[in-house]
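Student: Residue numbers (the numbering used here), protein chains in the order written: chain E, 27 to 877; chain H, 333 to 794.
By construction, these hints were calculated from the structure, which means they are not laboratory data.
Hints should not be assumed to be uniformly reliable.
Under the rule of at most 16 Å between Cα atoms (straight-line distance), these lysine to aspartate or glutamate pairs were calculated in the EDC-like manner [said to hold, decoys possible]: (1) E/723 to E/847; (2) H/561 to H/550; (3) E/344 to E/378; (4) E/228 to E/427; (5) H/534 to H/566; (6) E/569 to H/700; (7) E/171 to E/111; (8) H/353 to E/665; (9) H/669 to H/650; (10) E/569 to H/706; (11) E/799 to E/527; (12) E/569 to H/703; (13) E/335 to E/205; (14) H/353 to E/667; (15) E/115 to E/173.
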Amino acid sequence: MTLRLPELSLVLLIGPSGSGKSTFARRLFKPTEVVSSDVCRGMVSDDENDQSVTPQAFELLHFILRQRLALARFTVVDATNLNPEDRAKLVAIAREFHVLPAALVFKIDEKTCHERNALRPDRDFGPHVVKRQFAQLRRGLRGLKREGFRNVVHFRSPEEMDAVDEVIREPLWNNRKGDSGPFDIVGDVHGCYEELRTLIGKLGYTVADHVVSHPEGRRLVFVGDLVDRGPDSPDVLRLAMASVKAGTAICVPGNHDAKFLRWLNGKKVQPTHGLAETIAQLEADPVDRDELRGFLDGLVSHYVFDHGKLVVAHAGLKESMQGRGSGKVREFCLYGETTGERDEYGLPERLDWARDYRGKALVVYGHTPFAEPRWLNNTVNIDTGCCFGGELTALRYPEQETVSEPALQTYAEAVRPLRDESAASAQAEHDRLLDLDDLLGRRQIHTSLRPAVSVREENVLAALEVMSRFAVDPRWLIHLPPTMSPCGTSSREGWLERPEEAFDYYRQQGVMQVVCEEKHMGSRAIAVVCREPSVAVTRFGLKQERRGVIYTRTGRPFFSDSSIESGLLDRLATALERAGIWDELDTGWLCLDAELMPWSVKARDLLECQYAAVGAAGGAHAAAASAAFQSALGSDHLEAEAKAMLEPLLERSLSRGTMIEHYRGAYRHYCWDVVELDDLKLAPFHFLASEGGSHVKRDHIWHMALAERLQATDPALFPATRWREVDLTDEEAAAAAIAWWEEMTSAGGEGMVVKPRDFIATGPRGLVQPAVKCRGREYLSIIYGPEYDRPENLERLRQRGLGHKRSMAEREFVLGVEALDRFTARRPLREVHECVLAVLAMESEPVDPRL
Amino acid sequence: MLLSITNRTPDATDLGHLLHKHPARCHGVELAFGTGTVFYPVARAEECTAVLAVEVDPVGLVRSEGARNGGWALGRYVNDRPYTASSFLSVAISRILGTALNGRCPKRPELVDRPLELEAKLPVVQAPDGMLERLFAPLGYTVTSHRLPLDPAFPAWSESRYHELTLRAQIPLHLLLKHLFVLIPALDREKHYWVGREEIDKLLAKGEGWLGDHPERESIVRRYLKYQKRLAREALERLAPEPDDDEEEEAAGKEPEVERKISLHEVRLDRVAECIAACDPKSVIDLGCGEGKLVARLLRQTRIPVIRGMDISSRALEIADERLERIPAARREGRVKLFLGSLIYRDSRLTGHDVAALVEVIEHLDPDRLDSLEQVVFASAAPGRVFVTTPNREYNALFEAMKPSALRHSDHRFEWTRAEFRNWAERVAADHGYAVSYEGLGEEHPEHGPPSQMAVFTRTFR
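Whole structure, please, built from the sequences with the hints as guidance.
Tutor: This is how it looks when you write it as structure tokens:
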């Protein structure tokens, strides 16, 4: 015999001790599916038969149930379940999670139970206990249906129990996960038959005998509200019924359909909101009422399609209700959630569940008319108010494109004007404010380049402080650049970093084509520039028009003076215009990664308090010390031994003086006074993203070619960035690149950056560092101090670990790319922000700042 | 770093006896952080100069355990520590010239207390303006100092904080060394080791006989002990017992410097606490609670059952936690919770409170982020009443130390006139269904108004 139960049930086994419940459960359910009160007793007290811990055991049992049901797991409760109050608690839990309660009743004779219990030495409770249980069994089981159990099965003998050899889990009616479409999902039709025919004609359907068909096998899905208000509800119903029957259409019910069904069933309903028209149309153009009743009665509240990726329900559906069954779910599907209050038009005030929606499934729905399809948080409302003179809209799935057909006329007056959010989309409106609940806690971020990047909570909190106090508006913050690791440490005498190690790294990773780019020494800057200032409003969702923004690697505004920023952005936008880059990329905005010079424009405080200060102190100290040593060595009172000790000290002091001078020369290279705009230099090297997508699939040759075009257009603002492509299998080319680096750095250059030719490069061990820097000898004195290259210092400085830095660089790179991809894919802002916040969080990890 | 001491008293080479270092030799000593060398460039009967040259190992500093664990400012390679006079020099003096420092001279004990014509030179010492004169002149020194140029290549940059210092006095050598031992670390901004209680003993031993009478003793003690207030208080008490400061004064250092004289912040907090108590709310949230002073007042002075404090700074919250720990458990348990949060993100924890306070908070946000704060506080959290205080910019004219365009605190992004504040408050109130009234905080000036201003928003809908 086969037992059938809905796949998402909470099954109560009901029967006295010794009735064979546990044995039955062991035989037919997975051990993890069965939650037993005895086991819970054992867990809390070490004794499965200790009746005194019953309250604690059930506390635990209820807790486990809640966790399982929240995860939509089929669950069996193995307890006597004979007390109606105890059952009521379990039914309440099932309802809380919109799971169907089922009951299996084990009503075998009392004698058998006594015998079985007597055989088990651990069951030392007397026969009176079982007697009482049987009394409860007789009294209390008549009302199981009334208690809320949909499926009740009675076993009256051990034989009946043993006859069950299989339990089949029946899919819920709403489960069409195996059906992936393709679909054309149609919004609220409301009797607008003509518009419906035109729309589905546009979509490629033909209609024969009321049955729709599509040459590519596409099917229609109606979001409900077929009837009322419009001119021809009977024909809409005929088409829907026939097509659903033929399997070329699917339909979920709307609140108007439900009310119409109540009228059909002879219930007393107010013929308002267009029902009167439907009734009149039916009288003039009758449709078989039994067939109508059968069709409407059989409609399932909502469907889950395509492996859980698509949900269709008339008024939408929260994640916690999707794929579940209960009266509440059905009610939500038909009416949505209301506050219980009425708005200024006297209509029930609807709660905007989509605002809080964070689910993975795309929810397609209607119910509340808007002037345009309303996308918000992975939901889309396609009721565009056709019966009110708006449009009838369909969503093509999986393409996710909408197709609309304007109404031929206004059939009904909307009580409330259609909401027009076209000025700022619903998503942009929603994204004006980010919600901390979406960002706090330990996070796993799923990215296209790495399945999961974890971010620790304390780092997120640190990032939150920076973000809140110092960063630019999050709507501009579509990317933060990754940190960059230096090349491996050189063992050559007198050197800490050399290109050989950078090249070796990429060779080891199997990357043979690299690009070497001159590294300018200024401050890292991300510029988001708009072709027209209005793009700030239309694309970035800001309140005011603006040319764009320039921010630092930690998201802070680069300039405190906004006139400098806008002047620079104007120049940049003009250069992009003249170089034809706007048109070529077909975009209204561009995000680029650049070095902004001079260093002193951003780092003036640091230069004054640290770099110049050390130079001043060091120079004065070295001069005074050298003078003292010289004067001692020139005197005649010192013993020879003393002079022998002082000579090397003098030498050291003189060399210190020289080193300090070199060091001051090194930082001075990167400083100059900025009086006018032309004193600023912007060297872009990555053209990260523009409308339609990020440019991380393009190689660095493309990026540098764009940089060269900008440079040619406005050489006063854009300095030349020297670069070359190097084939690492060609020893001569590599040697030439090294010589080139030596020449650049000995002339005061910071160094170079070596990158794989491809923006995103993978080797046999996965993702490869997107770039490593190789810094010049002089420049490193700004990093490691004026005297860093004394042999005894260099030897110790070589002890540096790059592992953590490289891991950080990789994770930040992955997140930065993901942020751009999400922004260009028009994902909700929180999903973009999550990535940039994570980059900032990683920056708070302790790592040697000199790497 | 370098210290040279010249004796111009006849029989000047007695300096060698006093320093316990023979003028014809060169004395090298290994120190934990580098090496010290004493030698004599000049050793004549009429003039004798001893030089203490200390070489600090900069790489060793960064890689020291202290830098790794404590992470203090020593942990950088580009560092002035090897060059400027600092606590390293004091340690070198006590290690290498300890006998002289402690006033012992076994061979010539009569020399110890004899005042000599001494000159001390420090080629690089950092000091705030006027501090060298203030510290050394009262001890009888003729002070000559020259500020070192920061970088001649960039005249537009600020001045350096380093000076070349020469001190001249007729004074026993051990006193000169004691003065230097205490005052050099007091002039410098950092200390290369953890400052603990044992520092007090060292300070008092070396300061015996002169520090107690020094007019700058309080600032010397504070600076020597690196502003560790408890230690400084204890040291000063032992130096010259005085009645205890009250607790509130301790935190006054956190206030913007220009406001300190009138302790405006205390006035402000008292008034806000009073206003909140008058509302008799069931729950209050202090948004931007900082170090918890308003929360502490509410706990002590009211019976409000639910008090919450939120701030963006985890460091501030730690201090706030410590402050609340000092309140008797019975008064605080079950009533108060502090948490980290931000005013520009929507946050469900901010809803459901009768009263919210934003005391000197809005001016710490960039003006273009204020609309987020507005949404979070007035649209999303929407408490029944909101108290917002902010400085009155007009009043700045009365702060003598302030330049005309300056703001009261380096993190203030703006300061508003009374009219600007009212414009903003009126608009916010109108947009979100609040009524608003205003009150001046602090003593009102007939022309410039009160130093600080408060707006009280009362919700009018629902």
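Student: Would you mind marking each hint as holding or not holding in the structure?
Tutor: Verification of the hints:
no.	hint	verdict
1	E/723 to E/847	holds (11 Å)
2	H/561 to H/550	holds (11 Å)
3	E/344 to E/378	holds (11 Å)
4	E/228 to E/427	holds (13 Å)
5	H/534 to H/566	holds (13 Å)
6	E/569 to H/700	holds (10 Å)
7	E/171 to E/111	holds (15 Å)
8	H/353 to E/665	holds (13 Å)
9	H/669 to H/650	holds (12 Å)
10	E/569 to H/706	holds (14 Å)
11	E/799 to E/527	holds (10 Å)
12	E/569 to H/703	holds (10 Å)
13	E/335 to E/205	holds (11 Å)
14	H/353 to E/667	holds (15 Å)
15	E/115 to E/173	holds (11 Å)
Checked against the numbered hints above, the structure breaks none of them.
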